[in-house]
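So the chains spell out like this:
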Amino acid sequence: MITLFGIFVLSLLVITGIGIVRATNLFAAVMLAGLFSLQMASMFFILNAADVALTEAAVGAGVATVLLLSGLALLDAEERRTGRSRRLAVTVAIATTLLMIYATFEKPRFGDPLAPANQHVAPWYLENTTELVDVPNVVTAILATFRGYDTLGELFVIFTAGVGVLFVLAVRPHNTRVARLPNADAQGLRHHLVPRVVGRLLVPFIVLFGLYVQFHADFGPGGGFQAGALVSAGFILYALLEGESAALEALSFRVLAGMIVAGALLFVGVGIAGVFLGGNFLDYAVLGSTPVAGQHIGILLVELGVGITVTGVLLTIFHAFSARVTGL
Amino acid sequence: MEYLGYYNYWVFAILLMIGMYAVMSRPNLIKKLLGMAIFQSAVFLLYITMGKVEGGTAPILREGVADEIYSNPVPQVLILTAIVVGIATLALGLAIVVRIHEEYGTIEEDEIRRLDQQ
Numbered sequence: 015m016i017t018l019f020g021i022f023v024l025s026l027l028v029i030t031g032i033g034i035v036r037a038t039n040l041f042a043a044v045m046l047a048g049l050f051s052l053q054m055a056s057m058f059f060i061l062n063a064a065d066v067a068l069t070e071a072a073v074g075a076g077v078a079t080v081l082l083l084s085g086l087a088l089l090d091a092e093e094r095r096t097g098r099s100r101r102l103a104v105t106v107a108i109a110t111t112l113l114m115i116y117a118t119f120e121k122p123r124f125g126d127p128l129a130p131a132n133q134h135v136a137p138w139y140l141e142n143t144t145e146l147v148d149v150p151n152v153v154t155a156i157l158a159t160f161r162g163y164d165t166l167g168e169l170f171v172i173f174t175a176g177v178g179v180l181f182v183l184a185v186r187p188h189n190t191r192v193a194r195l196p197n198a199d200a201q202g203l204r205h206h207l208v209p210r211v212v213g214r215l216l217v218p219f220i221v222l223f224g225l226y227v228q229f230h231a232d233f234g235p236g237g238g239f240q241a242g243a244l245v246s247a248g249f250i251l252y253a254l255l256e257g258e259s260a261a262l263e264a265l266s267f268r269v270l271a272g273m274i275v276a277g278a279l280l281f282v283g284v285g286i287a288g289v290f291l292g293g294n295f296l297d298y299a300v301l302g303s304t305p306v307a308g309q310h311i312g313i314l315l316v317e318l319g320v321g322i323t324v325t326g327v328l329l330t331i332f333h334a335f336s337a338r339v340t341g342l
Numbered sequence: 002m003e004y005l006g007y008y009n010y011w012v013f014a015i016l017l018m019i020g021m022y023a024v025m026s027r028p029n030l031i032k033k034l035l036g037m038a039i040f041q042s043a044v045f046l047l048y049i050t051m052g053k054v055e056g057g058t059a060p061i062l063r064e065g066v067a068d069e070i071y072s073n074p075v076p077q078v079l080i081l082t083a084i085v086v087g088i089a090t091l092a093l094g095l096a097i098v099v100r101i102h103e104e105y106g107t108i109e110e111d112e113i114r115r116l117d118q119q
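Those sequence lines, one after another, are chains A and B. Here the first sequence is numbered in my numbering, starting from 15 and rising by one per residue. Here the second sequence is numbered in my numbering, starting from 2 and rising by one per residue.
Please keep in mind that the hints were generated in silico from the structure rather than gathered at the bench. Glycine included, C-beta positions come from ideal geometry on N, C-alpha and C. Please note that a few of the clues may not be correct.
What the hints assert, rightly or not - Facing chain A, according to a computed beta carbon distance under 10 Å, are these residues of chain B, among others:
(1) W11
(2) R27
(3) I108
To be verified - Sample of chain B residues lacking proximity to chain A, with all beta carbon distances greater than 10 Å (derived):
(4) I70
(5) Q77
(6) T107
(7) E109
(8) I113
(9) R114
(10) R115
(11) D117
Claimed, not checked - Now the stretches of chain B that chain A is said to cover, found in silico as 3 or more residues with beta-carbon under 8 Å:
(12) 19-25
(13) 38-50
(14) 53-64
(15) 82-96
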């Protein structure tokens, strides 16, 4: 049954993907991309990747769609049709697809526990997590402890991208051809009763769920990345309902910029604290009375740092785009 | 039935090329970004598929159950962070497209090139 459902979702993914490429209206393409992410999230869930499914649903279907739509508000919504022949591109794409499908016959059987990918370090993590870190969620344990360096690197990539967006959009356009929508924003959806009432009810629960996901990461699916996406989705919904200025009153640009830096500094700070207490960089074992207690403290703080930075970056990016639309 | 297990990999290959086709053939910069997002999602699908273990559950350890089979957590960690990095880079790309539109008044690649040559 679950296999059939998987095949159904995979086929839908292909159809949606073709739909995205073929749609000439870019709004339609972006909405299809949101649908694509949702289907991808269900596929990840079927494949036992609960953490990844949660992230994809919050980031791909939620935040990415809103960002692309607010970007599109500044651009032309219609793709111009060219009469150019695409025969070469079609040929290359189909030939490469066939070549890759031919190559898959050499791959290990789907779900094979003896496949090389499942035999390398994965069993070690599964066997030793309880003894060394003692948290049930192995994904969180690897993310925050065993591969803490990698996560720190990823966090700085996100940090850099956020700073990059701010730099690119900080340049004021000297070209007044750009259409401005002066009053569309400040109002939000204030005059639409149903979305406003329902949305207002939803916002606190979305943020609360984000915080649950943040602090429950050791036991269930969750962590800073997912929580950051969820909390910012809640605030973005608030901004859409009440208007940009109301949302910036709740969390101003200055606070958001502080969050971006504070989260990254918290992560690095935990690493350096380990050095001062006699361990290695990002060695949490020395932080607590026992190594396992230290690991728990380290994971909590590091995930908190990730959550703060991700929330800050996503909200800053969203506000940077909306400020462009409204000219605030 | 034997080939059914390869279906995930085939969808990976097809999605990868759908994304690549969008990047290659569409002059519209937003379409190129969406194509890159599809390309990226296809890679995520490949990684998560390879980590799946038959009869396994999500890698969240349950106490008191000794012989539980868990799926491979390592690709999941990698892809989890990659998704968030993906949206950050998508936003950066979108910001650059917005700036291009402000300077050139178009987001079609061939028109931008023509304006550059003038």
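We went through each hint and held it up to the structure:
no.	hint	in the structure
1	W11	holds (5 Å)
2	R27	holds (7 Å)
3	I108	holds (6 Å)
4	I70	violated (7 Å)
5	Q77	violated (5 Å)
6	T107	violated (8 Å)
7	E109	violated (5 Å)
8	I113	holds (12 Å)
9	R114	holds (13 Å)
10	R115	holds (13 Å)
11	D117	holds (16 Å)
12	19-25	holds (count 6)
13	38-50	holds (count 7)
14	53-64	holds (count 12)
15	82-96	holds (count 14)
In the structure shown, a violation is registered for the earlier hints numbered 4, 5, 6 and 7, in ascending order.
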